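Asker: Starting from the known structure of chain Z, fit chain S onto it as the hints suggest.
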Amino acid sequence: MKEPNDVILRTVSKVAVVIILTFAINLFISGHHQPGGGFIGGLAFVAAIVLLFLVYGIEKVRKNIPVDFKKVAGTGVLIAVFTGVGGMINGKPFLYQVFGHVNLPFFGETEMATAVLFDVGVALAVIGTSMTIIMSIGDDR
Amino acid sequence: MFSFHLAISLPLFYAILVPFLYKKFNQRIHTGWFILFVPLLVFGYLLSYIPSIAAGKTISLTLPWIPSYNINLTAYIDGLSLTFGLIITGIGFLVILYSIYYMSKKKEALHNFYIYMLLFMGAMLGLVFADNIFVLYVFWEITSISSFLLIAYWFEREQSRSGAQKSLLITIFGGLSMLAGFILLSLITGTYSIREMISNLGLIQAHPYFIPAMILILLGAFTKSAQFPFSIWLPDAMEAPTPISAYLHSATMVKAGIYLVARLTVIFGGVATWFWLVAGVGLITLLYGSFNAIRQTDLKALLAYSTISQLGLIMSLLGLGSAALHFGVANKEEVYALAIFAAIFHLVNHSTFKGCLFMVVGIIDHEIGTRDIRRLGGLMHFMPVSFLLALTGSFAMAGLPPFNGFLSKEMFFSTVWQAAQLPFFHMQTWGNILVAVAWLASTFTFVYCMIILFKTFTGKQKGPKLKKKAHEAPFGMLLSPLILAGLVILIFFFPNALSQYLLQPAWEAVLPTLAESASLQIEISPWHGVNPALLLTIGVVLGGTLLYKTLPKWRRIYRFYPQVLTLNNIYAAGLEKMEKYSLSITKRYMTAFVRDYLVYIFGFTILVVGGAALFLNGLSFDFSGDSAINLYELAFLIAMIICALIVLFAESRLTSIVAVGTLGFFVVFFFALFRAPDLALTQLVVETVTTVLFLLCIYHLPKFKKEISSVGFKAVNAVISVGIGLVVTMVALSANSNRLYESISHFYENANELAGANNIVNAILVDFRGFDTMLEILVLSMAGLGVYALIKLRLAGRNENEGTK
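From first to last, the protein sequence lines are chains Z and S. Going letter by letter, the first sequence gives residues 589 to 729 in the numbering used here. Going letter by letter, the second sequence gives residues 8 to 812 in the numbering used here.
Here chain Z stands alone, though its shape is the one from the complex:
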């Protein structure tokens, strides 16, 4: 892929990527009660990185984000599976999710749910897989 030499695009993306990433994380966290969740959050995260690809080229991004996304996908699936096993340890069926309210310092009354852990797995799997696909296709020359 050719590297575009576009000053406006580069300048805008530098800011936009941060916003998209923040938005992605927000989407993920708010997923429990508002629209969002692991799948969407993960994909939005990917969208940010894809923007970087388009602007800076794959090689440069790969150098700056030295992550093996295949492993990210695998980790995600493992996390999801293990949160399922977690229920079994307490004698509950596989993938049984629990939640409770915990009074944390600083955050105050906060809801903690194992479903969020599961969602982390989903998000990682989505990010890992999409990035693997995009990088392999984009890299093919």
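Hints were generated in silico from the structure; no laboratory data involved.
Here are the computed lysine-lysine pairs in the DSS-like style, where the Cα-Cα straight-line distance is at most 30 angstroms:
#, chain 1, residue 1, chain 2, residue 2
1, Z, Lys659, S, Lys30
2, S, Lys112, Z, Lys659
3, S, Lys30, Z, Lys651
4, S, Lys113, Z, Lys659
5, S, Lys799, Z, Lys651
6, Z, Lys651, Z, Lys602
7, S, Lys31, Z, Lys659
8, S, Lys31, Z, Lys658
9, Z, Lys648, S, Lys710
10, S, Lys114, Z, Lys659
11, S, Lys799, Z, Lys658
12, S, Lys30, Z, Lys658
So the derived label-pair ranges between C-beta atoms look like this:
#, chain 1, residue 1, chain 2, residue 2, range
13, S, Gly625, Z, Gly645, 48 to 58 angstroms
14, S, Leu605, Z, Thr610, 38 to 48 angstroms
15, Z, Phe611, S, Ile645, 24 to 34 angstroms
16, S, Glu640, Z, Thr599, 34 to 44 angstroms
17, Z, His621, S, Asn745, 29 to 39 angstroms
18, S, Ile645, Z, Gln622, 26 to 36 angstroms
19, S, Pro684, Z, Ala604, 13 to 23 angstroms
20, S, His388, Z, Thr663, 57 to 67 angstroms
21, Z, Thr663, S, Ile645, 42 to 52 angstroms
22, Z, Val600, S, Pro684, 23 to 33 angstroms
23, Z, Phe611, S, Leu782, 27 to 37 angstroms
Treat the numbers as computed from the prediction; the structure is a model and nothing was measured. Yeah, the Cβ is synthetic: ideal placement off N, Cα and C, and Gly gets one too.
Answerer: Below, chain S without anything else, positioned relative to chain Z:
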């Protein structure tokens, strides 16, 4: 309650740690040392169940897995499963100890070896303790797969790969038919639990599916336990490292079929079909295996055939013993039930003496560098301990005192003798043949046992031909076979201790109905006075010695049998033909043209979905509940139609990609209009990412040009595209108008109480349908890896081609 499950799944969980241990310590410490304690711990834990099992209790522990489908991890502990569990962990411990000396820490990929081994051990434990038939099935297939991986352990060898493939094809074929049999059984009884099936005996035996289910399940058992004619995979499985052959392919995995038959005897036993199938196939296998063992020149192949024959012996005993459940037995149940006892007894004995023999052969292979009988001889002077071990093992197998094989062999003879007197099952005509087959097969067994011992250890030494100088193995390697050989002798002198604590409960577990009505008691003793069994043993020794002495004279008869008709050849020819025909069929429709594939997929959907909707009167439209269409929606609709038309008539690829993307974004608007923000967000992001993907690819695509094609080609395109559009629309409309099932929306209304989430879409994804999501991300990851592999492999291949040019 939970600890038992944890104990038997310990090997599976521990396997996860193995790669890290290997990476960190293998330079200094053999990885096997870290594995060694796993089977030992489980063995010790299982031992703690002996007192309560020996007191006649059975224990059932349930851990819910998928309770909504009634699939639970129920561990059922009785004599039978405990006996197997102890064999699996006990022999497993010895084999791992042996493998530490056998497998070189420098040359071998030890982490793979031990992961497969632990995987197998965990699966095998799960198999014998599972009460749920589907859980049992899953573990059954995992044992097949780990066996496949272990046979192909030295995958750079051609024979290893083909042997692994053969074993996988045959055992998975059997496993699948067994699954079908299990499904039939669950259809009959409406339960997945073996315990509950046993309590519904009358229902099963009167059902028309009884015989089909029996045959299907027996196929599974016969393929796994290498019964004739499925036995051909076992000799090829000897390509695996010797510790594996000793463990999987003689002591444990091949006994899974035996376990299954024993476990289900109470359900199927007592009818003539079962009796003759199990006993008949067992006896044929016994004869076939022992006869073919004699001609082998490779010691491991010889042991493989001997395993086949011994498995046949155990199988036939189980078949003969099932006569005890026949209602016409009339007060003689105990006599026939003895066959079942003999089967379990011989199974334990076989694990000890065959494990010992395999390890000795491994030692010979390891220290001498060959296991070809023609190149061995006179090893007794160099390897006295190995000689003694081989002597113990082979004499036990031949059925001579003072080794444990003698006791169970005697029992085998006496039960065959008893069975020949059966007043039913057409035994009047077949009885004498039965005894003759038993005698003949045992004579052959005697002959090959002598071959193992004397051709290898006595006679002239053929030193110069050997690669390495002969010497005794290190002590660590001898330790495991020494323990086994010690057991072989101990069991002979104290059989009743073993019987009281393990065999007796196992016997009662196989025949639970009989154990209630009649008392199953047995006192094992080596001397019964002069009876048919003893006479048969003497006959075997005499006949065997004669045949062994005259072996060179009659060896020629093996050449008379045409090579073309051997089972191996039939298998190979069948495989080759199947590959050829399926390739030619596949080539007809796999045109490597995406448009054709789309025609198949969409055409099939139109025919099946559309056809079903039409013929089954599935279409019904009811618009009364729908809200009115407003102006926005109409506008979006028109815009979408325009986008779709632009795709069709676009002059450049970029235009059409942008148009497709726009179409997607309009769908987002629709979702937003219909108040589905989650869907809208998802669609938005997916659409963005796919459009970008398209743009990434566009660089690599060939030049865009108008397709000039025939009218027929275009007509098919038109019919398919209009058809699929119609079908999908109609399905969507009538799905909205029908209500086949009760609404489940109350789940979602109460999402906050049930899952603590206000966002019901998310609650569905991560909680209510969490299992779906888990499998989805699994599939997604596999697809991602698939894309990666396809592209990277293609690249690698292309570079190679360029390099060779």
